Amino acid sequence: MKEPLKLPFVFLFLLLCVTVILAALDLFASWGLSDSAAVPLGLTYVLQHFPGAALAVLIPAVVVSVVLIGFRMMHRPFSRLLGFLIVLVVGYIVLVNGMMWLSTLSEKARQAPLAAGQYLQPRTFVRLGNTVINPAVVAGDTLGGVLVYESTNAPSASLPAPGAPPDTIAVYSGARASSGDGSLTVTLPGGRQITGSPQVSRSTVFSPDIVSALFLRDIDTLNGDFQRLRDTALPEFFAAAFALVFLCAASLVFLRLTRWPLANVMLLLIAARAYFLLYHALATRLAPAVSGAVTDPALARLFPSASFVVLGIVLLLVDIIFIPPKRWMEAA
Amino acid sequence: MNRSLLGRVTTFLFSFYVLAFGIFYLASALRFTSDLVLPSLRWTYALDSAFILFIDYLLPVHAAAIAVAASLASGREPGRAPGEARPFNKLVGSSLVLFLLLAVAYTLVFEITYPAARRRLVDLQQVTTLARQLRAQSETAERSRDYRTSLGLVNRYLAIDPSNRDMRDRKASLESLAAHQEAPPPARRPAGEQAGSLLDAQALITRARDYYRQGDWFSAHYYAQQASLLDPRRSDATLLAAQASEEMTEAATPGRGKDVEGTELFRQKRDAYLLLSEGDYIQAYYSFLKLAALYPQDRDIRINLERAGQAVQSVSFFLDEAQRIESLPGVDHILFLNSSGADGMEAVSIGRMVQAREGTYFLDVEAVRYDAAGRVAWHFTAPYGKMLGGTIVMRCIDRNAPGVQAVPVYSQGSRPPQEAALLRVQPTEDEMRFLSAQQDALANAGPVELWRMRSSLGSFGLSRGALSVELIMKLVMPFAFLILSLFALPFGWAFRARSVNGPSGLAVLLVPLVPLVLSVLTLLFVYAHRVILGFVVLAFGFTAAVVAGAALEFLLLVSALIVLAGQSAS
Numbered sequence: 000m001k002e003p004l005k006l007p008f009v010f011l012f013l014l015l016c017v018t019v020i021l022a023a024l025d026l027f028a029s030w031g032l033s034d035s036a037a038v039p040l041g042l043t044y045v046l047q048h049f050p051g052a053a054l055a056v057l058i059p060a061v062v063v064s065v066v067l068i069g070f071r072m073m074h075r076p077f078s079r080l081l082g083f084l085i086v087l088v089v090g091y092i093v094l095v096n097g098m099m100w101l102s103t104l105s106e107k108a109r110q111a112p113l114a115a116g117q118y119l120q121p122r123t124f125v126r127l128g129n130t131v132i133n134p135a136v137v138a139g140d141t142l143g144g145v146l147v148y149e150s151t152n153a154p155s156a157s158l159p160a161p162g163a164p165p166d167t168i169a170v171y172s173g174a175r176a177s178s179g180d181g182s183l184t185v186t187l188p189g190g191r192q193i194t195g196s197p198q199v200s201r202s203t204v205f206s207p208d209i210v211s212a213l214f215l216r217d218i219d220t221l222n223g224d225f226q227r228l229r230d231t232a233l234p235e236f237f238a239a240a241f242a243l244v245f246l247c248a249a250s251l252v253f254l255r256l257t258r259w260p261l262a263n264v265m266l267l268l269i270a271a272r273a274y275f276l277l278y279h280a281l282a283t284r285l286a287p288a289v290s291g292a293v294t295d296p297a298l299a300r301l302f303p304s305a306s307f308v309v310l311g312i313v314l315l316l317v318d319i320i321f322i323p324p325k326r327w328m329e330a331a
Numbered sequence: 000m001n002r003s004l005l006g007r008v009t010t011f012l013f014s015f016y017v018l019a020f021g022i023f024y025l026a027s028a029l030r031f032t033s034d035l036v037l038p039s040l041r042w043t044y045a046l047d048s049a050f051i052l053f054i055d056y057l058l059p060v061h062a063a064a065i066a067v068a069a070s071l072a073s074g075r076e077p078g079r080a081p082g083e084a085r086p087f088n089k090l091v092g093s094s095l096v097l098f099l100l101l102a103v104a105y106t107l108v109f110e111i112t113y114p115a116a117r118r119r120l121v122d123l124q125q126v127t128t129l130a131r132q133l134r135a136q137s138e139t140a141e142r143s144r145d146y147r148t149s150l151g152l153v154n155r156y157l158a159i160d161p162s163n164r165d166m167r168d169r170k171a172s173l174e175s176l177a178a179h180q181e182a183p184p185p186a187r188r189p190a191g192e193q194a195g196s197l198l199d200a201q202a203l204i205t206r207a208r209d210y211y212r213q214g215d216w217f218s219a220h221y222y223a224q225q226a227s228l229l230d231p232r233r234s235d236a237t238l239l240a241a242q243a244s245e246e247m248t249e250a251a252t253p254g255r256g257k258d259v260e261g262t263e264l265f266r267q268k269r270d271a272y273l274l275l276s277e278g279d280y281i282q283a284y285y286s287f288l289k290l291a292a293l294y295p296q297d298r299d300i301r302i303n304l305e306r307a308g309q310a311v312q313s314v315s316f317f318l319d320e321a322q323r324i325e326s327l328p329g330v331d332h333i334l335f336l337n338s339s340g341a342d343g344m345e346a347v348s349i350g351r352m353v354q355a356r357e358g359t360y361f362l363d364v365e366a367v368r369y370d371a372a373g374r375v376a377w378h379f380t381a382p383y384g385k386m387l388g389g390t391i392v393m394r395c396i397d398r399n400a401p402g403v404q405a406v407p408v409y410s411q412g413s414r415p416p417q418e419a420a421l422l423r424v425q426p427t428e429d430e431m432r433f434l435s436a437q438q439d440a441l442a443n444a445g446p447v448e449l450w451r452m453r454s455s456l457g458s459f460g461l462s463r464g465a466l467s468v469e470l471i472m473k474l475v476m477p478f479a480f481l482i483l484s485l486f487a488l489p490f491g492w493a494f495r496a497r498s499v500n501g502p503s504g505l506a507v508l509l510v511p512l513v514p515l516v517l518s519v520l521t522l523l524f525v526y527a528h529r530v531i532l533g534f535v536v537l538a539f540g541f542t543a544a545v546v547a548g549a550a551l552e553f554l555l556l557v558s559a560l561i562v563l564a565g566q567s568a569s
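Here the protein sequences come in this chain order: P and W.
Position 84 (the first sequence) corresponds to 83 in numbering that gives the first Met the number 0; numbering is contiguous.
Position 140 (the second sequence) corresponds to 139 in numbering that gives the first Met the number 0; numbering is contiguous.
Extracted from the complex, chain W is given alone in its bound form (with noise of 0.2 Å):
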């Protein structure tokens, strides 16, 4: 009973810690079912969600503890008389210093860890989800003797779950049938491809130099780089395509006499060309429409944007890439709003997206424009996509079958073919992660990453008032844990056990209600929080919830201390 109460309360915590966790990672264990995640996965799963739930339960089992500490505490110090007692602010003055680190922990527990692991959990079923899909499919295809393809979906199913025992026989059997069954057809080809015009480096050469006589820069550059990348020997392509580029930064250079306007939409001309030139051609495809509608005239320019409107068609994907991304985890059923305006809005959705190392790809998209009066432009669905600088690529070519692609297609209103296989997106990568439609999409965000893109994603379809109480939740949580430990501790002492004897043995066995009870008081306190700032955030906005919540941390903090203050060592 004359232990420091620092080192009680470190006990204590220590203990409640360990034992809240074990307790937690029992019950994920027991509570887990193969409905939800595949066998193979099972001690992770339970892992994470032990840890999930640890965090969540994390203020009543660390205000249990302080306040069992406190509560078990004797108020006398080693080596002093009853009547020598230290004042109580001095006895609690560490254990101040303790709650405050501890504070500052759970605060990046609390912004990394915890937004990770709930990741995590979600990956999880997801796989869980494909895998079973896979299997199916493979039965299916094996039910119609296609041994081949259900070969493929069983090899897909073992690079998710390597360890389960009747799919590796299963693919030991398939192999076998697999290699008594004839090839596959060939790819089919798609109807109405025409072969390009080609043409020689030499023709390409004379081309680019008549160009380059009459002044036009731009054309010149672009056939000597075609000769160039034709026959890369012809150094007077390359030399040519030099000199054109000289030309068109000294005509791009403002100078002495030069019209000033002219000048810069030849340098406007010239950043939008050098995109075409460098290969990203979604880029200067959408330069050259932005001059357009600005210059309709300007042959430079339509000239070239029909050239980037070209290469943009060009732009594809293989879909052995979008299938292998097939089985990683993502994030399943994203919606957003990509553009509104007076004009009308587009919707998209997407089944799946999976960020991997190649970059980042989407399942079943699906997109639609409509205007207020329901009047739909155009709609499609796509069953891959990949994204490349801010815009989706929904050309998927097989990489040994010519001809074979998987490409988006219309079920209402069309877009310039130039168009048809782009999306260009509003929303990054990690702002889609918090648009999908699942409803704790949220929950899985950091504070720091809910801040950065508050205010995007209100524009998305999302509701900002949900978005603003959510982020502001995300600050105040490490404030409660402070105040939550500030008042556990005066509440511990104000009600410990001052008989002589101390607490009886009966009466220590009730120690797991203080966890249980205070679990429904922690949580009333928090929902409180999300009550009072929820009404600011809809009453006044979110600065104004911003200025209430610090103000109420303030006075909650100054009466805990107060609290603390008033409690006598005696």
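Chain P extracted, bound-state conformation (with noise of 0.2 Å):
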């Protein structure tokens, strides 16, 4: 009987585990978007943006860490109420705190805007929608010997009568740009202006693909929201957390859902990303319909939430009902 004495500690040490390693990449990628052009990365940069970085990667560290808790308690099986307990205990208390107290080290490194030298760089194209700029100078935000290329969709199949082609490229003395929300302008002598998001060196080495940018951006949701909810709604916060690690814990039924353990991982693992596919979708779908229904505007915020809470029971239900109580004994 010692594994439930040694289960929560287990849980602590992976969430700790998964946790730096997730903030550091998180660090890694975000000094290179945001920061590279302009501030070295030393141990000074490191101190003051760990935390952030921490408070980004938290909630799918605690996801992973009940997925990988459970692939334990399959290994070593003991009762399965007191397993939910704990999990639900350590993964609510570690999310609630850790949100809060990571937010108020964080707040220290607040990100200062980008400047255009962060996306430009002399004698390198960057595109901006369809069209490629280059600037020969780049001080700040102040741009010189810029040449802008515009290509058609195809070359011109010529007819037999030759002709001059139409220019691509123009070059202009001097350009200002300015950036904010992730998309930068040039403005062009004359007034025009190109506006894009910026497909530079940094964005193009932190690229994601389709897949894993689908993933980023649902992890991305869920932790506007929650930090949100922290900012303006404590009790909301508390509820939306516990909602969170209680479908998770909940979900852990899938590890004896068949006889077959690699199926049940699949399921579990399956189950987890589609949680932050299926908030997003609340989230960012039916929540503002429900708005438009109700009439108190915290049930529109906690509709996701409440989802989660409702899916749990379900789950929570099956397992009591139709999950024999020795089918992790039998696989262990």
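Hint data in this document are derived by calculation from the structure and do not stem from the laboratory.
Everything numeric in this text was worked out from a predicted model, so none of it was measured.
You may find that some hints are simply not true.
Output of the computed footprint for chain W on chain P, the stretches with three or more beta carbons under 8 Å from beta carbons of chain W [claimed, not checked]: (1) 78 to 89; (2) 136 to 149; (3) 261 to 269.
Even for Gly, the Cβ is constructed at its ideal location relative to N, Cα and C.
With the hints in hand, could you dock these two chains into one complex?
Below, the structure written as structure tokens:
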């Protein structure tokens, strides 16, 4: 019976390892994307920005740790109710406290708005929508000798009579660059503006594939909502954090669903991924519709979390009613 | 349940590969839309597209096959009692050899076949775009009752899509309409063209002899060679050219009592002149230009630079060559910085580059030279170009109609007449393929190509950081393939069905979930590599990133082997 006593500490250890690894990756990417042109990476930078990075990855770290502790419980089974409660309590305490403390620590390292220099480098092409630009000189937000290339859809399949093709290149004496919300605007002499999300070296370096990009998008939605709730409505934040950890802990039922452990693991992993997607869909599509139907705004804000609790209860009922209590013992 | 692990892994790998390719092929064929590619190219497109998807998702498919195979293995071997199981490392030994062999095969496919398939896919789309342009232009020409032009365009369309019944019918009707149409008016002649002064062979030989007597070997050789070309029967011209050539060689050979610096200069002049006499006018022109900058007072250099300049202006190619290659696939929207220095920089844009048997051709060439303040020295556009010895020649003449030509049109500034239709370019044709402004140009490059061109491509305006990461990621992929194989085996083994009856039929239906879940995990695994290596490239540079990449793969490989060794056979 030592296992239930050891489990909270193993869970905390796993959580710590996963958080550190994910936070390090987040720190690498955010330094590369936002600060690498202006700030060298040193110990001061790491100390200042690590809490923010840990905050950004805390929710996925908790979910991953629940999955990993589930694998351990699968190989060293004990009372499933006790296991569920340990995961729920430890996960909830870590998530709530982590988000509050890390938020306080990370406030000191607020990101300064990006200068044009982060996006533009002399003698390197930068794509802005359908336009490619290349400044000869970059001094802060002022650009000199700006080449602008706008390709036509396809080269002209010229008729037999030769003629000069249309220009695709123009050169301007200077321009001004401004950035905000991830987009860059270059204002050329005469007032013409070129705006777009810059496809620069750094974003190319860290550009994820489509599957990972969707995952990161869903994590961002969940993170953004939780941080907003924490800052504006603390009771709702507690409820939302509980809903998430409750659903994850209840999902450990997947590890007992069939007699084939690999299939169970796959079901748990796909469920963990699906929760992020579900939250994104609920928060961005269904929640606005719900807020139009109900009068209490708190209900609309908590709609995704309430859905998580309902789903968690369904999973718990499935576990109690359909899964034999000794399924884990058989598999172990 | 008692088949060997290797046999099981091999069977599952083969089945998963075939199934995955079949699904991707079906998806590509069903997803096919004629907006993208001509209907006649449907199956070629589907095959290439399926192959690309297969390689893109090979890691999760491969890992899933191994995990499922290991998960369905019992751990007991034929002829052995349950308690006599061999150690796990003995069970998996031959599977590890298989993984190594597959990793080598993956490397070869990833390096050679995969980039080629990606390029073929781009080619198919470009050919389709061109075919549609030709069709639209032929319809416009037909509406304006220019049946001959329309017929020419239809013929060019049919060279791409010969099975198109509509266009074949249109061709037949246009042939009868064009037959009744008057012949086109004679080709226009360019204004201001002057007839060159012609000399007969005898006059040229007399001039060559005069120069020979004066010790001007270059001019003697030049005129003797001209006379010989004009009248090949004149053996005296050939003899005089040979004598002048001997004198040049003698003067260029160092020897006792000779001025070392003067001999060296003469050797350089002789080398440049040989280029001119052998017909390499462009190289000769640039060689003499370089010498003229060093020795502006030298008479030989001045005169031969003038001759090379005149010869260069005669360098051209035929219009029909350029038009013929329009229907061939190539690389679109090339953009690069040709040279950049304190005195200014050149940017070059090329609508399309086509590499054909006859040479490399360009459509819609545009170049601009400007300084850091944005002052433009010159800016031109030219409809066609052809690569000759590192220079794009843009004078394009009609084979049959003298005077019809396409030359660069300068919208700003000008260049010396002998250079006006030439553009010396820094990148080679191979490098230009990766300078397309289209976003995925680098994805079409193999690791060896990227390695070879990494430093040069960076100087043409591509981001060095992005290039470095792309290259390192391509180098890392075979290791990722091997490491994932090694992790998948203990993963499947650790979660194998241990009950006496094995997994239920319902559970086996969940097998398709395995590649689905592993695709998310493996892509995140690869993305984590990209973040770590991208960070090291930006923070410490390319060499450090290579070292970090090697260290990371070593660490992961050791971890995978430790996890593998930690499995129990029972």
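Comparing the hints with the structure gives:
1. Remark: the region 78 to 89 of chain P is not confirmed as covered by chain W, as 0 of its residues place a Cβ nearer than 8 Å to a Cβ of that chain, below the required three.
2. With 6 residues carrying a beta carbon less than 8 Å from a beta carbon of chain W, the region 136 to 149 of chain P meets the three-residue requirement, and the given coverage holds.
3. Here the region 261 to 269 of chain P counts 8 residues with a CB under 8 Å from a CB of chain W, which clears the bar of 3, and the coverage holds.
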